[in-house]
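Generate coordinates for the entire structure from the input sequences, incorporating the hints supplied.
Chains as they are written, first to last, in the working numbering: chain G, 527 to 689; chain P, 527 to 689.
Just so you know, the hints here were simulated from the structure itself, not pulled from any lab data.
All of these numbers come straight from a predicted model, not from anything done at the bench.
Treat the hints with care, as some may be off.
The list cannot tell twin chains apart, which means a pair is met if one copy fits it or any two copies do.
[Claimed, not checked] Each computed SDA-like pair below joins lysine to any residue, with the alpha-carbon atoms no more than 25 Å apart: (1) Lys604 x Thr682; (2) Lys548 x Asp629; (3) Lys618 x Trp557; (4) Lys618 x Phe573; (5) Lys618 x His542; (6) Lys681 x Arg654; (7) Lys548 x Gly575; (8) Lys662 x Phe573; (9) Lys618 x Leu687.
There are 2 protein chains.
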Amino acid sequence: MTKAPTKRFDVIFQGHGRASGKMRNDISVNWPMMKESFDLATDEGPFHGGDGTAPPPLALFTAALTGCIMTQIRAFAKRLSISIDRLEVHAKMHWQGEQTGNDPYVTAPVGFSLDIDIDSGATEDELRHLLDCARKGCFIEQSLAQGVVVEHRLKTGNTWLTI
Amino acid sequence: MTKAPTKRFDVIFQGHGRASGKMRNDISVNWPMMKESFDLATDEGPFHGGDGTAPPPLALFTAALTGCIMTQIRAFAKRLSISIDRLEVHAKMHWQGEQTGNDPYVTAPVGFSLDIDIDSGATEDELRHLLDCARKGCFIEQSLAQGVVVEHRLKTGNTWLTI
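What follows is the structure in structure tokens.
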């Protein structure tokens with residue numbers, strides 16, 4: 527029997543954000559491979575100096591991680607021939623900030639949790655395997671688990687500086 | 527002169543996702559401290575078995591990271607008395623997947639970059655300091671930089687199992 531070949535594929539998303547309102551950002555997100563684009567926005571409420579015209583970035587992040595694991599649970603359930611009757615996920619994202627006086631504050635993650643509630647005729651072992659696959663296949667969870675140093679460049683005048 | 531006191535504060539977001547359409551997830555995000563909630567959704571296009579009724583999770587993630595750094599650049603510019611005339615950010619998120627045959631694939635981050643384009647009368651040193659503060663104050667970038675193991679529980683019947 528021939529072993530199935532292993533292939534690698536790239537997934538690249540691009541964003542272009544423009545500061546618009548007081549704290550609002552309009553962000554055009556492109557997925558070039560799929561020729562798809564999405565107009566998204568973030569804002570802050572009046573307490574943080576914004577107009578509340580869009581969700582804050584951390585709300586998008588919470589939905590992104592929750593939606594990513596849910597998407598992979600359903601995508602991989604099909605491949606593993608597991609039928610799912612109902613799927614709900616409760617997410618909790620916890621960060622802490624530390625601030626001296628009115629200085630810019632410094633942030634750190636405290637802990638994130640995803641509670642997965644599935645109705646399925648599958649066995650516990652099958653569901654554990656499905657969840658294990660979904661975790662490994664969740665682009666966002668793997669980015670958090672493996673860690674990523676975000677690279678920055680800063681444009682001053684016509685020059686891009688690496689930070 | 528008395529040194530300004532250092533204080534810590536918690537930021538907690540909660541999400542409740544429900545699988546609705548073929549690949550659509552409706553996610554209600556709550557920010558209890560601010561008594562704010564946001565109705566968000568993710569979907570996939572037809573190529574991935576969805577109906578394209580909402581952006582995919584990775585588009586929300588791209589907008590979340592882009593919006594987070596932009597928000598902190600503007601919030602901290604005020605505190606540092608730096609005036610910003612225009613702010614645009616170009617983001618690139620690059621992941622790779624590895625798949626054997628039709629098995630569930632395994633993902634990993636390759637690299638994320640944020641190119642910051644600012645019009646400001648501030649000096650290069652002031653802008654470098656502002657960007658350094660924004661990086662440390664960006665909840666999402668710090669989660670990626672420091673790494674987070676996401677905890678999972680799985681509900682089977684009436685029992686929550688720790689995974």
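query = So which hints don't hold here, by number, going up?
reply = none
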